[in-house]
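Please construct the entire structure, taking both the sequences and the accompanying hints into account.
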Amino acid sequence: MVFASRTSQGFITPQQVGDVEAWAGRAVLEALTGFVIDQDRLHDEEGSVWELK
521 MVFASRTSQG
531 FITPQQVGDV
541 EAWAGRAVLE
551 ALTGFVIDQD
561 RLHDEEGSVW
571 ELK
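Per the working numbering, the very first residue in the sequence shown carries number 521; after that it's consecutive.
The set of hints was computed from the structure by calculation and includes no laboratory data. There's no promise every hint is true.
As the list claims (entries may be wrong) - Simulated DEER-style distance windows between Cβ atoms: (1) Phe523 with Glu566: 37 to 47 angstroms; (2) Ala524 with Glu566: 43 to 53 angstroms; (3) Gln559 with Gln529: 14 to 24 angstroms; (4) Ile532 with Asp558: 33 to 43 angstroms; (5) Thr527 with Asp560: 42 to 52 angstroms.
Positions of the beta carbon are idealized from the N, C-alpha and C atoms, including for glycine.
Structure follows, in structure tokens:
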């Protein structure tokens, strides 16, 4: 992949790529943790890959 800045039309450094990935990833995860799903819409844990044994 090639990463460039939309504003400057210049390429961004690998450090900047890492910074932006971390920033965007954190924002997505924070948004997901704030998303409420009613219990009746969830799948049972029993028999799933999430079941703790």
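Whether the CB-CB distance between Phe523 and Glu566 falls inside 37 to 47 angstroms: 44 angstroms Cβ-Cβ, so the 37 to 47 angstroms window holds.
Outcome for the supplied range 33 to 43 angstroms, where the beta carbon pair is Ile532 and Asp558: holds (41 angstroms)
Cβ distance range 42 to 52 angstroms for Thr527 and Asp560, holds or violated: Given range 42 to 52 angstroms: holds, Cβ gap about 46 angstroms.
Verdict for Gln559, Gln529 (Cβ pair) under range 14 to 24 angstroms: 49 angstroms Cβ-Cβ, so the 14 to 24 angstroms window is violated.
C-beta pair Ala524, Glu566: status relative to the range 43 to 53 angstroms that was hinted: Since Ala524 and Glu566 have Cβ atoms about 48 angstroms apart, the given range 43 to 53 angstroms holds.
Of the hints listed earlier, the one the structure fails to meet is number 3.
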